[in-house]
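This is what each chain is made of:
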Amino acid sequence: MRTKRLRTVLTALLVGALAAGCSSTPDEAAPQETGPVDLTFWTWAPNMDKIAAVWNAEHPDIHVTVSKQAGGDEAAAKFLTAAKAGNAPDLVQAEYQMLPSFVAAEAVADIKAEVSAAKAQFSDGIWGLVTLGTDGVYGLPQDSGPMMLYYRTDLFTKYGIAVPKTWDEYAAAARAVHAKDKTVYLGGFSSKDPGWFAGLAQQAGGQWWSIQGESWKVGIDEGPTRKVADFWGGLAAEGVVDTQAPWTPEWNAALNNGKVLSWASAVWAPGVLSSNAPDGKGKWAIAPLPQWSAGESYSGFWGGSSIAVAAGSKHRAAAAQFATWLNTDTKALDLLIKEAAVYPAAKGGQALLTTAPDYFANQPDFWAQATAISSSARGFTFGPNVNVAYSAYKDAFDKAVQQKSSFGAALTAVQEATVADMKKSGFTLVS
Amino acid sequence: MTKANRGARASRAGATPYLYLAPAVVLFTLFVAAPIGYTAYLSLRRVKFSGLGLGKKSRTEIFVGLDNYRAALADGEFWDGWVRVLGYAAMVLTLMLGLALLFALLLDSARVRLPRFSRIAIFLPYAVPGVVATLLWGFLYPPSMSPIHAGLHAVGVDGVDLLSPSTIVFSMVNVAVWGGTGFNMLVLYTQLRAVPRDYYEAARIDGAGELAIALRIKVPMLAPALVLTTVFSIIATMQVFTEPTTLRSISNSVSSTWSPLMNVYGDAFVTGDLYSASATSLVIALIALVPSLGFLRLVRRRAFGEER
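Residue numbers (the numbering used here), protein chains in the order written: chain A, 1 to 431; chain B, 1001 to 1308.
Keep in mind that the hints are not guaranteed to be accurate.
[As the list claims (entries may be wrong)] Derived DSS-like pairs (lysine-lysine); straight-line CA-CA distance at most 27 Å:
1. Lys1056(B) with Lys78(A)
2. Lys68(A) with Lys314(A)
3. Lys1048(B) with Lys347(A)
None of these hints come from the bench; they were simulated from the model.
Remember, it's a predicted structure, so these values are computed and weren't measured experimentally.
Using the sequences plus the hints, can you model the full thing?
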């Protein structure tokens, strides 16, 4: 009898505990602060806990706890799920292209009132990535990824090619190199990196999404991006660029042993090269991306992220204060560069970059070049379903690479998948 | 004893079995029925945006009836995924269970050497997590670093791409068979050890050799265990996810919808559409149920001697 009663009590407790666990609902943010507050911060930047420790020592009233996350698609999905469940962190690192879907899901807060003073610290192009072209401000830019051409100086000499100034020169060089040695490529096309392709489309002047009045316009399959797709499709069909999946041991080996002579990548590439292609140290250099017309100087962005405040955060003002410090304070920017190996988005941060990365010790003006390239980079507005477009890119271009079929048709497939998803979700589209 | 008293006692006796059942029912409700119910509820809904979808209150969750199911069933990629998985499942089932049976019989035969070592060696791959196993094999497939290619080259075979669209399914089957044979072997072997030795003695006296004993006595005695391992394997192969998802990162040949379960993952965690993912999950559960139940029905009478 006693055990039966005990079991009933235990069951009741269990049910009660579960019910309590499910019933917490997010409150509307209350910006008024009294007493010390605790903030949680989801980020994948390395050593962010050390940077937060510096903040915590200086600000006893606002304590930041860093929770290290994995990057990528899953990071965004995890945050959206947490926001829906009402247990999102106060602060979250958000890649620029994911920010619109966070805003659409009402998962991040408009912090215009708290952070608008920081606007002068950023270039207009970067600031546009956190306003999404609206009146609001949905995060503070942390880092950016202007694209440039990384190339092997020694092997360019060996194969007798000059650094290509235009994409036409790039194509000619690709043919020349591959003709001399069938196992060697000038560079590669990645069907796994939609962000890379988006960066090249930005350079060409593409606008994948744009806002016209109260409607979205999707322009993925349009002139500028078409030009980029057809260019790479032609080289892939000729077999003169490497189309293997990147970020694999095989790909690392090709970078390391000189089977691939160049890589159109972003400013964060030194970290990748030093760990994945250690033998190339001191042999690589950077140059601006090849241009579509001689005499132009444009670049695009691959990657980069902002720090946003969750809509459900009860400490919006404190969170915005930390985000502002992290991304505009000189001391914090210095820490971001040294501890987290970040290329800061703030103008003040770029000025702090003086010593070239160890891997590029042969190019002492590395940062001067990078800053010049960065100022020539143009971005575009990201839409609310970038994840759908990026996922469609991987499937469509994987297939095009495998079947050696038209890259233009693959681009059309990406456009169609993106538009279909937006229509299904009810967004207003320019017809 | 009054009438009322007797009535109370009778009702108490009637309640006792339910009390004993209660913990199981409560746990089942909380951890099985409720999540399935919530999935079913989600599968009937969807998020609808208006305008740009960026302003406040431009996002609502609406009831859409069976729309998500219609979309899932009308998706050609979903059915192509099933075709790929069926081919994969057919190969894995035959190879893995065939090898498991062979190893179990060999280990149980009188002449085996180093039985304990062999048993552990065959079982060990099962202890390797699927992702690790796939990565491990994934490093062996690409040409520049693989001893497999070196071996093929030595015998004069060149240019075999183990990660091409036409060969990748075999590469996946290989990983699954490598990882799954040991477990099934162990189930079959354990069952074999339970067979009374007298049977073999009797058979030997009747003049049966090792092969005849294996085919005429051991295999029929193994029928229930074979049914069990087959049903488990059917369910597992229908849900194949780890191998294609992991190989996808090193090959251009695996689409994000290679297997039906990858559809669900993509909807839920890449494009953030939990509603379609819920509908597709339930469709997959129903589809996976058909071959499992069908197989059980087919073999029930033979294996378990049940009369209908």
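Verification of the supplied hints:
For the given pair, Lys1056(B) sits about 22 Å from Lys78(A) by alpha-carbon distance, which is consistent with the 27 Å threshold. A hinted pair counts as satisfied when its Cα atoms are at most 27 Å apart, and Lys68(A) with Lys314(A) qualifies at roughly 21 Å. A hinted pair counts as satisfied when its Cα atoms are at most 27 Å apart, and Lys1048(B) with Lys347(A) does not qualify at roughly 39 Å.
Against the hints set out earlier in the document, a violation occurs for number 3 only.
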